[in-house]
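Number of protein chains: 2
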Amino acid sequence: MKIVCTKSNLVKGVSIVSKAVPSKTTMSILECVLIDATTDIIRLTANDMELGIQTDIEGEIIERGMIAIDAKFFSEIVRKLPDSDVIIETDESLQTTIVCEKAKFNISGKPGDEFSYLPIIEKDESIEVSQFTLKEVIRQTIFSIADSDSNKLMTGELFEIKNNMLRVVSLDGHRISIRKIALNADVTDKKLVVPGKTLIEISKILSGEAESKVNISYTSNHIVFEFDNTVVVSRLLEGEYFKIDQMLSSDYDTKVRINKKELLNCIDRATLLVKEGDKKPIIINIGDEIMELKIKSQIGSMNEEIMINKEGKDLLIGFNPKFLIDALRVIDDEEVTLYLMNAKAPCFIKDDNETYIYLILPVNFNAAG
Amino acid sequence: MKIVCTKSNLVKGVSIVSKAVPSKTTMSILECVLIDATTDIIRLTANDMELGIQTDIEGEIIERGMIAIDAKFFSEIVRKLPDSDVIIETDESLQTTIVCEKAKFNISGKPGDEFSYLPIIEKDESIEVSQFTLKEVIRQTIFSIADSDSNKLMTGELFEIKNNMLRVVSLDGHRISIRKIALNADVTDKKLVVPGKTLIEISKILSGEAESKVNISYTSNHIVFEFDNTVVVSRLLEGEYFKIDQMLSSDYDTKVRINKKELLNCIDRATLLVKEGDKKPIIINIGDEIMELKIKSQIGSMNEEIMINKEGKDLLIGFNPKFLIDALRVIDDEEVTLYLMNAKAPCFIKDDNETYIYLILPVNFNAAG
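Chains as they are written, first to last, in the numbering used here: chain A, 1 to 369; chain B, 1 to 369.
Hints in this document: simulated from the structure, not taken from any laboratory.
All the pointers check out, no bait thrown in.
One copy or two, it doesn't matter: identical chains are merged, so the pair holds either way.
List of simulated lysine to aspartate or glutamate pairs, EDC-like, C-alpha gap at most 16 Å:
{"id": "1", "residue 1": "204", "residue 2": "136"}
{"id": "2", "residue 1": "350", "residue 2": "335"}
{"id": "3", "residue 1": "102", "residue 2": "305"}
{"id": "4", "residue 1": "72", "residue 2": "276"}
{"id": "5", "residue 1": "313", "residue 2": "251"}
{"id": "6", "residue 1": "260", "residue 2": "333"}
{"id": "7", "residue 1": "275", "residue 2": "70"}
It should be emphasised that the depicted structure is a prediction, and the values quoted were computed from it without experimental measurement.
The following block holds chain A by itself, in its conformation from the complex (with noise of 0.2 Å):
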């Protein structure tokens, strides 16, 4: 295999494979790229079995060929190469030489055929959003994943379609986090649950820009989304979501708007005296025109007061701050609504036609303390 190609074409596409390159494996052909130059196109390809990357780049094929290339050791070579074109070739020992002007690196690589190719997906239906979407989509509503393998469909996220509409969901089981958006075409209802690893990897690579469209094909195994040159596939993960609508309820006693930043600022000042790990909640006190925050820990003791709009009742309830702040930092909102019911029930925090809802649970406290 001999081909060229500019540094800055190979950087960007060993970028977007790597994101598929497994940081643990016993299996070192996982820890490759496979440059494969056997038809008219170069394509790079990464493939930890769960998810898999390919990504076509501009180049000149000069004898075709494939090779396996450790991602590392290629992705940082190529990345400190002069800004030039930059030739790649292989001989028969699978010997392969990176020449860019006049630095020559020499390396080993593995056969291509060795490497698992992605899977061929039969495409039974498919979706288009912007890459700007369903970035955003992704980062509103990633937080909220749990981190633990205990159970595995919360490492996820749901991807409903019913009615045109894309609802995205994930829960920890402290909270949930659901964006709606509306969908161009007519498509069957479907749910899919793609497993957070891919939903964080593919949003690294999505440019996000608003003009660029991503298309999101599905079988009941794996979900494919493609866009510029590139096609991320994915497993999915297997079992029944959570039934979430019966915990969803629009009734509320208190209604609270409230300026989006004060109020992330105050929690944020609060989260100072509570040391990691250590789960003391933030008491929040709801009067007529003033939100009374207030938290206490061994460190020391803090309040603050925000103007609010109130309707309804008065109410003191705490919250995991933590909670909170992570759904108030992806709301790009200036004012956010808050709904609640009781000290023991959720707070919903939700814009007028529910793109968005932030379900939290509130913790006990004791309120003498």
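Given the coordinates of chain A, work out where chain B should sit on it, guided by the hints.
Coordinates of chain B only, in the frame set by chain A:
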């Protein structure tokens, strides 16, 4: 005590003195910042017994007094306050309230008289350099102090005043870094060994402005840096520093002029093939007009050629690539000159006036490898 000052003044002051707060200590008073408002100025002090820093901040003293507060929490709280006036008030039981707009923190302080004040230094003599110069000189030498305590003197830097020149020297057994600057006044010859930690912390505080001066005074046990509203006092290291002059030679058989950036980038690329802890040398082959650099490891091999301007003999010599990189990174010149004798003798990188000298010992290598 009751004082009022702006958030930004407080943040700046706390950030300066926090450099002298030890990260680990069994004496909890050392983890504190002392706020001293017993006179007409508000003075912050931290002191780990080796290094002490005090800085005066602008503000209003409403009630005189002093208090010692945990530096970490105080600094975090102050940083997250709204950008407004901050009122700090203590009561008889050392409870300290920090109020800023509607936010109110309450933490316990410690009595100020438990705090170790900075030692009062009888200044024998002093020199003056600009903040820019001191910061640069530290940056250009600090990388070659030894990080282990096996030889205490190697963890510091020699400040040698001689013939109205200040020479700053560091060495670690494999290399020596020297920077020389002219002083603007007549001063007595003197040798001081300043702890590396002191220099690292002080260079973080220095503004780096060329117009702003640092006054450096010293006794046989202490060195004092005074600049802006800040005083840094450090113990000196005891003992006689290494005799370096006999290691410096102006003889050479090979002299090479080379573009610094090309050389640095080439060595930087070569180190990709060297894993942490692996001691593979970079082998440099100096010929007429061309210098060839080669490295070979288990991962692969690399070679590259750079155009040079050579006087004297050809030479094949090996170096630890890290040592070359460290020196080249801190040199600001576009071209550098290397002076070499043979494959066993040190290489000198220096400018014509010897304002900087970097001595690097070569390493043995297998020429056949």
